[in-house]
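Chemist: Listed below are the residues making up each chain.
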Amino acid sequence: MNARLLPYVLILPVTLFLCLFFLYPFVLVSKQAFSTGAGFTLDNFREVTGYWKFPITMRNTLLLAAAVVPIQLALALLMATMVNRMKKGRDLVLYVWTIPLGISDLAAGIIWLAIFEQSGFLNSMMNGLGIVDKPVNLLTFQNPGIVFLAIMLAEIWRATAIMLVILVAGIGLIPKEYYEAAEVFGASPWKRFLRITLPLLRPSLQTALVLRVILAFEIFAVVAALGGTLFPVLMGETYAYQFDLLNSGAAAALALIILAISIAFTLIILRVLRVPKGATI
Amino acid sequence: MAQIEIKNVAKRFGTYQALHDINLTIQDQEFMVLLGASGCGKTTLLRIIAGLETATTGEVWIGGRRVDDLAPKDRGIAMVFQNYAVFPHLTVFENIGFGLRMQKLPNDEVKDRVERTAELMHIEQLLKRYSGELSGGQRQRVAVARALAMEPDVILMDEPLSNLDALLRMEMRAELKGVLAASNTTAIYVTHDQVEAMSMADRISVMHQGEIVQAASPIEVYRNPAAEFVAGFIGNPPMNFLPAAPAGDGKWSVAGQVVDGPSSGKPLKFAIRPEDMRPADTGLTATAKVVEPLGAHLLITCEVQGSMFRAVLDSDMSVKPGDQLTLAPQPDRMRWFDPDTTLAVA
Ligand SMILES: Nc1ncnc2c1ncn2[C@@H]1O[C@H](COP(=O)(O)OP(=O)(O)OP(=O)(O)O)[C@@H](O)[C@H]1O
Ligand SMILES: [Mg+2]
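In the order they appear, the protein sequences are chains P and R.
Heads up: the first sequence is residues 1 to 281, going by the numbering used here.
Heads up: the second sequence is residues 282 to 627, going by the numbering used here.
Chain P on its own, in the form it takes in the complex (with noise of 0.2 Å):
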């Protein structure tokens, strides 16, 4: 086999695995979104962004993100941190604090519904305590703050993992003469993380970052769980109008206006991540 061809035969499998289920679906949500049966239209879109929930969803989506990222980055830096650190018991503590990678995201939602609903752990305890005289219905429309505060933190706990697992990787590729030759110039263990640890670890935070907000766009099952209707979001919205509204143009629309912000995210979080020519481990 010529070894110029070779490479290119044996990922024409997988090419054409995504070009069957990726790619043409793709264009037909493409299609389906900028017509409305007769010829390119943008009127889908015109439906969807003029519709008064809209701002609402949109803001709520990015809220969550905003709120969550950081958290989820900060929380998954520190546990790849101690994890690296430790030299017995590594790979258990790992194991455990994946844990919530292996539940599905509506179930991870049904597990804080538990602890936050009217006859849930959280007020059984307070009840027990005597904070309340009476379970109270916490996930309510008059309590806006504690619904966010309910999907922030499944969403915290369901979805730390998958950055921690990346960056656990990434940190231990960065060699240990690098740490060593910062102690002696002088580093404190603090500027060693912000001066080695961070730049070095940039292709790590790439994927995390980008994976993560991703995900966080496409959030659905969680919110619906604990939120139902009282936080709306982009994906939400999607599923109302393909299965309640039954207008799947305007679905694909929502749909690719999801897909359009992410990309745009991808493409903020490399640009501002990326490592110069050389400067590579």
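All clues stand as given, with none of them false.
Okay, derived cross-link-like pairs now, DSS-like style, lysine-lysine, Cα gap no bigger than 25 Å in a straight line:
hint: 1; chain 1: P; residue 1: Lys191; chain 2: R; residue 2: Lys409
hint: 2; chain 1: P; residue 1: Lys277; chain 2: P; residue 2: Lys176
hint: 3; chain 1: R; residue 1: Lys409; chain 2: P; residue 2: Lys277
hint: 4; chain 1: R; residue 1: Lys354; chain 2: P; residue 2: Lys191
hint: 5; chain 1: R; residue 1: Lys385; chain 2: R; residue 2: Lys409
hint: 6; chain 1: R; residue 1: Lys409; chain 2: R; residue 2: Lys392
hint: 7; chain 1: P; residue 1: Lys191; chain 2: R; residue 2: Lys385
hint: 8; chain 1: P; residue 1: Lys176; chain 2: R; residue 2: Lys354
hint: 9; chain 1: P; residue 1: Lys191; chain 2: R; residue 2: Lys392
If you anchor each label on the Cβ, the simulated ranges turn out as follows:
hint: 10; chain 1: R; residue 1: Ser464; chain 2: P; residue 2: Ser188; range: 23 to 29 Å
hint: 11; chain 1: P; residue 1: Leu92; chain 2: R; residue 2: Ala462; range: 52 to 58 Å
hint: 12; chain 1: R; residue 1: Ala318; chain 2: P; residue 2: Pro7; range: 42 to 48 Å
hint: 13; chain 1: P; residue 1: Ile111; chain 2: R; residue 2: Thr335; range: 44 to 50 Å
hint: 14; chain 1: R; residue 1: Gly413; chain 2: P; residue 2: Pro25; range: 38 to 44 Å
hint: 15; chain 1: P; residue 1: Val9; chain 2: R; residue 2: Gln406; range: 41 to 47 Å
hint: 16; chain 1: P; residue 1: Gly89; chain 2: R; residue 2: Gln406; range: 49 to 55 Å
hint: 17; chain 1: R; residue 1: Gly413; chain 2: P; residue 2: Gly145; range: 45 to 51 Å
hint: 18; chain 1: P; residue 1: Phe17; chain 2: R; residue 2: Ala318; range: 55 to 61 Å
hint: 19; chain 1: R; residue 1: Ala462; chain 2: P; residue 2: Lys88; range: 45 to 51 Å
hint: 20; chain 1: R; residue 1: Gly413; chain 2: P; residue 2: Phe243; range: 50 to 56 Å
hint: 21; chain 1: P; residue 1: Pro203; chain 2: R; residue 2: Asp393; range: 32 to 38 Å
hint: 22; chain 1: R; residue 1: Thr335; chain 2: P; residue 2: Met82; range: 19 to 25 Å
Covered, in the sense of this in silico footprint (three residues per stretch, anywhere, with C-beta under 8 Å from a C-beta of chain P), are these stretches of chain R:
hint: 23; segment: 352–366
hint: 24; segment: 380–388
hint: 25; segment: 403–413
Honestly, the hints are just simulated from the structure, not real lab data.
Don't be surprised by glycine CBs; every beta carbon is placed ideally from N, CA and C.
Fit chain R with the ligands to the supplied structure of chain P, relying on the hints for placement.
Modeler: Below, chain R with the ligands alone, put in the same frame as chain P:
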């Protein structure tokens, strides 16, 4: 003032004893070279002094302070790492200035010192590059510059010139020595290149299997090796050894020849440097096997009573393989070793 004292330092990695009871004092402003074969524990000792490794037992004192519990940055040292450890994400400039930035020196002083040391190491034209864009030798010089820029009391260098070509190495050797002498720095310099050791050191510590066998001036190490290992390690070609049997009254029989030696009753090893042999009428009878002209000299590998023996003779001698030679050892250059302890016998 930075005298370094290493007291009874031993290091064990699991069951492997990397260093055995090291005792060494390096005077203030001395240039000490650690010389030894690969794996003898040079890097380990350096890392213990730097504080990157903790000794299993023993103490390290720098400038009259016990430093075993101090962090590396509080020991007043700078280090050149064997594998360079040049930060890949920083430019050469920021690499050299790293320690100065950590000390929060003002920008113009950082710039000044970085440029000065870069010039010294001939890398001033590389300041804007990243380490991925440098050759091994250039990276190594960045590592040296980074340590020099700190102007430390003590500089620890782990084979800092190993990756340079012969010419540049010779030049750097001289510059480094000059800079360190002018800056009153105490230096510990690891190498396994004996020419480098000889030419730079105030004193050489010869290490062997985790022990310091001899610590003395280069000429002393060369002329009066304290142990057989040193005699066989230093010098190119190294010393010759022949078995010697006592012939009474301080006389020794070496390869059928009687020479004067120490007064000892048991068999010893006779040792002599190849260049300390002279063609003569009486002496050791040698059969030439290989003759290598080295320009100024002839290196002759021969056989003396079944043992391999090398002699360096003047190149105007005409010697062919198979020739019989009679070689006389210079009396004041003969050395003797105890075969049991391997130590020198006076
Ligand atoms: N972290 C470690 N764990 C186990 N053994 C080690 C460790 N570091 C060094 N050693 C062992 O200790 C011995 C001395 O190592 P060291 O690196 O000090 O050698 P060296 O004299 O610097 O050799 P070289 O000239 O090849 O650099 C070696 O046998 C090495 O295998
Ligand atoms: Mg070494």
